[in-house]
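J.: Residue numbers (my numbering), protein chains in the order written: chain A, 1 to 340; chain B, 1 to 340; chain C, 1 to 340; chain D, 1 to 340.
Hints in this document: simulated from the structure, not taken from any laboratory. Warning: the hint list may mix true and false statements.
Because identical chains cannot be distinguished in the list, a pair is counted as satisfied if it fits within a single copy or across any two copies.
What the hints assert, rightly or not - DSBU-like, lysine-lysine: derived pairs with alpha carbons at most 35 Å apart:
# : residue 1 : residue 2
1 : K205      : K18
2 : K18       : K73
3 : K70       : K121
4 : K205      : K121
5 : K198      : K121
6 : K205      : K70
7 : K73       : K205
8 : K18       : K70
Number of protein chains: 4
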Amino acid sequence: MIVVLRPGATDEQIEQVKQRLEQRGYGVHVSRGVARTILGAIGALDQEKELVAESLEALPFVERVVPILKPYKLVSSEAQPERSRISVGGVMVGGEQVVVMAGPCSVENREQIIACARAVKDAGARVLRGGAFKPRTSPYDFQGLGEEGLQILAAARQETGLPIVTEVRDVRQVALVGQYADLLQTGARNMHNFDLLKELGQSHKPVLLKRGFAATVEEWLKAAEYVAASGNLQIILCERGIRTFETATRFTLDLSAVAVAQAETHLPVMVDPSHASGDARLVPSLALGAVATGADGLLVEVHPAPEQALSDGPQSLRPEAFAELMAQVRAVAQAIGRCL
Amino acid sequence: MIVVLRPGATDEQIEQVKQRLEQRGYGVHVSRGVARTILGAIGALDQEKELVAESLEALPFVERVVPILKPYKLVSSEAQPERSRISVGGVMVGGEQVVVMAGPCSVENREQIIACARAVKDAGARVLRGGAFKPRTSPYDFQGLGEEGLQILAAARQETGLPIVTEVRDVRQVALVGQYADLLQTGARNMHNFDLLKELGQSHKPVLLKRGFAATVEEWLKAAEYVAASGNLQIILCERGIRTFETATRFTLDLSAVAVAQAETHLPVMVDPSHASGDARLVPSLALGAVATGADGLLVEVHPAPEQALSDGPQSLRPEAFAELMAQVRAVAQAIGRCL
Amino acid sequence: MIVVLRPGATDEQIEQVKQRLEQRGYGVHVSRGVARTILGAIGALDQEKELVAESLEALPFVERVVPILKPYKLVSSEAQPERSRISVGGVMVGGEQVVVMAGPCSVENREQIIACARAVKDAGARVLRGGAFKPRTSPYDFQGLGEEGLQILAAARQETGLPIVTEVRDVRQVALVGQYADLLQTGARNMHNFDLLKELGQSHKPVLLKRGFAATVEEWLKAAEYVAASGNLQIILCERGIRTFETATRFTLDLSAVAVAQAETHLPVMVDPSHASGDARLVPSLALGAVATGADGLLVEVHPAPEQALSDGPQSLRPEAFAELMAQVRAVAQAIGRCL
Amino acid sequence: MIVVLRPGATDEQIEQVKQRLEQRGYGVHVSRGVARTILGAIGALDQEKELVAESLEALPFVERVVPILKPYKLVSSEAQPERSRISVGGVMVGGEQVVVMAGPCSVENREQIIACARAVKDAGARVLRGGAFKPRTSPYDFQGLGEEGLQILAAARQETGLPIVTEVRDVRQVALVGQYADLLQTGARNMHNFDLLKELGQSHKPVLLKRGFAATVEEWLKAAEYVAASGNLQIILCERGIRTFETATRFTLDLSAVAVAQAETHLPVMVDPSHASGDARLVPSLALGAVATGADGLLVEVHPAPEQALSDGPQSLRPEAFAELMAQVRAVAQAIGRCL
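Based on the sequences and whatever the hints tell you, model everything.
T.: Below, the structure is given as structure tokens:
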């Protein structure tokens, strides 16, 4: 790390910082410029780098501390240069194939899910999505079917052979959802729920880690590190839009983050154009854009009758629109040397 | 609600929207303009307004649906025009007195807390803060002392008489923390943890609900409604900075939100200048600004030796600086007709 | 527009709002709900809708005014459903072809530009870009060659046949730049420079209107309306990234805005992945994503030796990397039924 | 500056960076860590630091360049530790007195301005504000009276003795407005209009530099440096709200920025609560918060009949409300050791 001192720092103050760093095992070089003295600290095998940085920044004569290394390791592409491939019930995510996961926002009933599962499978989707536990911003909204929803998803898997992905909302649900799902999803609002991340890290199921809508890419990767440090490296990242000043769309889909996360980590990165836009009319354009940008997969909401959906109707594609989109996704995937 | 149809909507489409609304109990008026047809729907006692709005927006000939009423009720100033006063271990928040809650970020050991409690009490603080369960963005950071930390806080209360506020991070901790604390705090990263909000709603202790750093005021008040709808109306709101493009401060303190939340609800609203700025040098200015804006209280981090703190050192005031600040807080509170 | 009154509005107050609207020529319908009275106003041919809305919102008993129509007309897809095609020195933007405009950030000297023009033309670019007047955030940075730069661009056009696009930074330069350029570009920082927009509206040259980095899509389209209302409908929009909390990229490219702007207006929409990311390593992914999303063209920075560029080196592609990218752009364009 | 190389940088690459820096006059120290090699460069008297940093970042083996010094000098508190006091027609801004500038958004007619000037003077305002050239986001809105408006302002000054502040929107107006105004204001949308900044730098009148609503504090201070570097150090900064995701207020007033700007520069910093909130009901709270935070002055919109204003009615205070506010401002100013 680099420690920049305020103008006028005394020799004693410089020495104080130097000693603190040396006590933690750092090699230190002091550069005295005309306007500032800076200390470069290298080499410590220090798990608590952030604490050291914070404690130095609390000194009144320290202007700022600039970290040199990234705050994640296990998930970084430096730690593992070759890209990870994660198996979701036998479907490999992170390879040549662009994997599409599709289905309704909420599991509403058995007929809805099985019809939807067949439709998305016919169109080329490889994994079925559906929510049994719904995080809703209003206490008066539909909260999901709970375990009954999980059973319905399992029945749809039996019927169609599609593995299933569904959300875990609460630490107390990890074991239960893990019994049914092939891929455990954490929602954007839970990316900073560190207790949940730890529980997922102790699960044996792969994890779909959605980016928090106000999380930087660095924070997203630190959340992935939480899961990894708890023992589970089967992590798929998913960009789903960030909160900005723009109100024309519900969130702003940040496709740059896909490219950045793929450069920084060895993990697959998917995109959810449905939650990002909140508008079914925009989903196809964004889905194609995501695939061309290099996303390893898509998470798309499909509902047989969006105007009757119990949640997220405005952003759900009808099955016909989804089938049409999949034909275009296939063409774009091939244009960049991948397949569907 | 107001439903705006797309240009060229047919008579059948207009009728379809009208009937859907009438079935839910709304009175409907259709206005046909040159460019748009709009439907005004009033009067339904409908818990599921958001679902109705969503299902209409999923219709391809509906341009948008504009809600008229706010999505919160129990906490609104329309439901209860007089301001609420919440007792925190006997200290009333929301009245004439500006209540300052102060202490270290993390409980580190018994001596630290008791010394700190005495210092902040002498300076005029009414409640002691301290974290036993710390939500840390890196898995390698100090995570708090857990129940031992709660016991230390209780000892400091016994010693000084100050009620204590501490954070609940996980649904599984609500009962435990409730045994020790006088005020249960939820962190900014948990404002959208709906299961936690429900558990807090079933607690008998008052709740300090921090605004999520990417939450609009409306979403914050919906989170308060979650707690209220689960049975607990002892809620104190706390603004602690939002995430913006600005990097000179860790977050951007949004004092307008204090004024808006006080106008929209009957709940007291506090301000946390320490987490907002992340910089002890800025805390005094922001604390004074918050009081003059009308905040009902302050949450301030104080640590006897910030450069040795296990968390948040850079934003912690030394006891002497805190005492100096409190003298100014007193003067500003009096200038606007309040007291400390 | 819809006028929502505060709870408890009296009959006289309702009548006052009604009369004000009727005096401006609106037909008004009053709906009295239990919680709110709302007035729907339709039909006025009113250029000053925003003023009327503002003056009503200034009344203490009015809660808010909701506009129904969009604040732009001439550029809207309602006014002209078929998409516009704009000729840039004979190259048509807005049709089947995806038009790529490429070249260095700044014009540095004649050799640089002519070499660069040849390279980008060979790779498939249709228009040459280059800056003669540079808006720099630091007063100590290189400010551009001025008219000499324009002459060099004109020489490159003569040499290669490529039309040229260059930025106008100041109202006093419109006439001068108009003598040389085929397409007048306004920078993101000038999108709200209304005097400049008016001057461009009186020019006979087409205009490339970059989105302000803190402008909503609606504000961007209002800026286009400024140009159009001043007499010039030859407008090409260009998305170039918005400012958000994310710091991994210089700006956040908002590809949703491409789809929204194409739905709302009849104007072509291009994308600038170079300024959005600020990082040459990310440009290819974003360029492909933009084309698949449906952008009508790309604006790409190319420099023969980025490490010697006088501006924007880190985001400039070397000619070989640009040629490689163009092959992929061609494949993606074909995959969605367009050409290069 | 600190140059961080990518992992695996070769000796030749390290040498290449070292030589480039030494050629520019920097002293260079190379630190080879296990994971990264970093170069510290100090001491060069280099006007073109940003260009050097950019050209190094364009090298593929350079990960990033971290600047050590701030990109502004003349306005910095390092260059001049004592705070500047700026005379506006004899009223000193930046001293003990909190200076309030008040008046209507637009100059509408002589009677309005003179009545308003008298009212704000009686309440304690020291400077009269009013717009003659209005930057409006819609081409169909009222654009201001132009020179006639300036003449009316001058008449109000003669009548009341209040100096006047008014906006310059366009480089071509600087000379004209300078003949009438005592303080030349640049609007938030022009903070990045570098040609205008240069013209203001060549003026002999003091400049009120509003922060751009999407500008970081650092960019704001760089804009001030533009004015200063062109020869004019009579600069007053003005915070007026930034654009965030929050929609409850028009902009988010960033009072932290006041404290940061006062620490970083020697310039006075004012606050405009009217444009920040866009809502007269919030203006008093924010005005008091600004004064307690340490602002050197306020810019407040006052209009005798806001519901008839030709612009910004909803955010304008009536004269009586302004007088009431001023009594509170006086009390808060005294509480922190200042006066009105």
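J.: State for each hint whether it applies.
T.: Here is how each hint holds up against the structure:
Taking the shortest Cα distances, K205 and K18 never come within 35 Å of each other, neither inside one copy (46 Å) nor across copies (47 Å). In this assembly of identical chains, the alpha carbons of K18 and K73 lie at most 35 Å apart whether taken from the same copy (26 Å) or from different copies (29 Å). In this assembly of identical chains, K70 and K121 lie within 35 Å of each other by CA distance neither inside one copy nor across copies; the values are 40 Å within and 40 Å between. In this assembly of identical chains, K205 and K121 lie within 35 Å of each other by CA distance solely inside one copy; the values are 22 Å within and 50 Å between copies.
In this assembly of identical chains, the alpha carbons of K198 and K121 lie at most 35 Å apart only when taken from the same copy (33 Å versus 37 Å across copies). Within a single copy, K205 and K70 get their C-alpha atoms as close as 27 Å, which meets the 35 Å cut-off; across copies the closest is 41 Å, which misses it. Only within a single protomer do K73 and K205 lie at most 35 Å apart by alpha-carbon distance; the minimum there is 21 Å, versus 41 Å between protomers. For the homomeric pair K18 and K70, the shortest alpha-carbon distances inside one copy (22 Å) and between copies (24 Å) are both at most 35 Å.
Checked against the numbered hints given earlier, this structure breaks hints 1 and 3; the rest are met.
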